[in-house]
Amino acid sequence: MTTLERARGIPTSLVGQSEQTVALLHDVAITYHLADGSFYEAVAPTTLAIAEGEFVALVGPTGCGKSTLLNVVAGLVAPSSGTCLIHGDRLSGINGQAGYLFQAEALMPWKTALANVAVGLEVQGLPRDEATERARSWLGKVGLGAFLQRYPHQLSGGQRKRVGLAQVLARDPRMLLMDEPFGPLDAQTRAIMGDLLLGLWQADRKAVLFVTHDLEEAIALADRVVIMSAGPNASIIGDFPIDLARPRDAHEVRLQPAFVETHRAIWQVLKEEVLKGYAQANEAKA
Amino acid sequence: MKRNGERRLGLGLTAWRLGVLALVLGGWHVLTATGVLQPFFFSKPLDVALRVVRDVQLPRFWSDLGITLTETALAFVIGSVLGILCGFALARHPFASAVCDPYLKAFNAMPRVVLAPIFALWLGLGIWSKVALGVTLVFFIVFFNVYQGVREVSPTILANARMLGMKERELFRHVYLPSALSWMFSSLHTSVGFALVGAVVGEYLGSAAGLGYRIHQAESVFDVTGVFAGMVVLAIVVLIIDALVGWVEERLLVWRPQAATTA
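First to last, the protein sequences are chains A and B.
Counting with this note's numbering, you get residues 1 to 286 for the letters of the first sequence.
Counting with this note's numbering, you get residues 287 to 549 for the letters of the second sequence.
Any given hint could turn out to be false.
List time: in silico DSSO-like cross-link candidates among lysine-lysine, alpha-carbon distance up to 30 angstroms [claimed, not checked]:
| # | chain 1 | residue 1 | chain 2 | residue 2 |
| --- | --- | --- | --- | --- |
| 1 | A | K111 | B | K391 |
| 2 | A | K141 | A | K111 |
| 3 | A | K141 | B | K453 |
No lab work stands behind these hints, which were simulated from the structure alone.
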């Protein structure tokens with residue numbers, strides 16, 4: 001094992017961690033070939049480990065490549081260089097152990113809420129009756145017990161996210177990947193969805209990688225907030241543990257002095273990056 | 287949307303529609319009765335109505351109608367199946383699609399009427415030459431819609447389905463097929479209409495039965511009343527089929543937001 005890992009260019013120090021490390025991005029870089037033949041290095045070689053039961057929020061200015069890193073863990077994007085290890089095994093293809101909550105509309109519009117959740121279970125090999133029963137119970141847990149037969153277009157944006165959450169959690173994945181899942185929602189709905197997520201997560205504490213550009217949301221939800229710099233050549237520039245007691249109320253916690261203190265410390269780092277991002281965007285325009 | 291609008295307008299709309307009909311029929315009647323239009327060339331609305339009433343009492347009329355509807359149904363089913371198969375095959379294989387593209391465009395641009403005599407030569411004067419003509423019309427509508435439906439599946443829905451563990455077979459069943467069928471269903475009005483056009487045009491150009499044949503027969507003996515009677519029957523058939531298609535569509539596309547339906 002050790003020799004093999006060394007042959008793959010992975011330091012032995014990291015391999016030892018793989019027992020409690022759910023996902024490990026090691027020197028992962030993302031480079032795009034542009035139409036004019038040049039290269040654009042979106043994400044510089046980055047290393048990030050997510051431990052069992054850990055809720056990690058990845059925060060950065062818009063367009064810094066944080067969603068791309070998430071997609072690498074999901075197996076939807078192959079890194080240009082570096083490796084992604086899932087429970088110590090190199091990932092190739094779709095990450096079957098992960099549940100992914102998308103920012104954009106991801107429900108199948110031709111299926112009802114119930115069928116959308118049940119189909120993910122049927123794919124896992126559950127008999128139809130059992131799948132439907134479990135889907136029903138999960139939709140109940142996310143507060144949609146009365147909306148089982150609705151089609152996605154008959155639900156509000158927040159309700160559709162709840163269906164998505166049930167769809168992901170019902171399959172009992174070993175880790176959760178979330179790409180600004182509550183981004184398109186209004187502020188009140190976001191707070192409620194954050195609370196719902198924390199409540200469900202608290203039950204079995206799966207590892208979570210939560211991408212957001214909202215620092216407050218990140219601190220309110222996560223155990224660890226990782227800050228990325230503005231692209232190109234985006235990289236991790238800060239890694240802050242969040243020492244707020246659990247279980248938390250995703251909304252109330254924002255009023256605690258410790259929250260405000262943490263927010264101030266992280267914002268100092270993030271602010272510079274946001275300004276840098278604006279400056280680059282303006283340069284590009286000029 | 288339009289349906290709701292119709293309901294809101296309610297009786298007013300119906301009154302206006304009947305008004306337009308009365309105006310056209312009344313004008314026609316007055317012009318032919320006063321001799322401004324020659325009844326020999328333009329017939330009279332009352333004569334046409336009486337002819338329709340007389341026709342529907344003939345057993346021959348119903349067998350002709352049955353033949354036309356059979357041809358329509360066969361053309362629709364065969365054309366749809368071929369369109370779905372080809373649409374899927376080409377949408378999933380971009381290279382094959384690129385190879386076939388110019389030929390499909392060329393064939394689709396061809397006026398299908400010119401094929402009718404060839405089909406009559408190949409398949410005889412029975413129903414199959416008419417079915418073939420209808421198939422060439424239906425095929426392209428279904429094909430282009432299915433092709434588009436498979437290609438236009440939202441990348442997020444596809445990525446989500448793959449994250450849910452779906453492989454090619456399940457993706458086909460739960461994602462590609464429903465998307466393609468929804469595009470196909472939204473063009474049902476057009477494809478069913480074209481199936482009927484294929485049948486009638488085919489009959490008109492050479493056959494011994496069907497609604498198109500009746501019109502052709504009347505025309506060849508300068509029986510203008512007979513021609514108009516055939517057209518009225520055809521119009522009624524189209525309206526009935528269209529209402530049926532609308533009813534089917536409403537049930538198949540319940541999941542669609544109202545604004546997106548073509549009804």
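Violated constraints from the hint list, given by number and in increasing order = Hint 1 is the one this structure does not satisfy, whereas the remaining hints hold.
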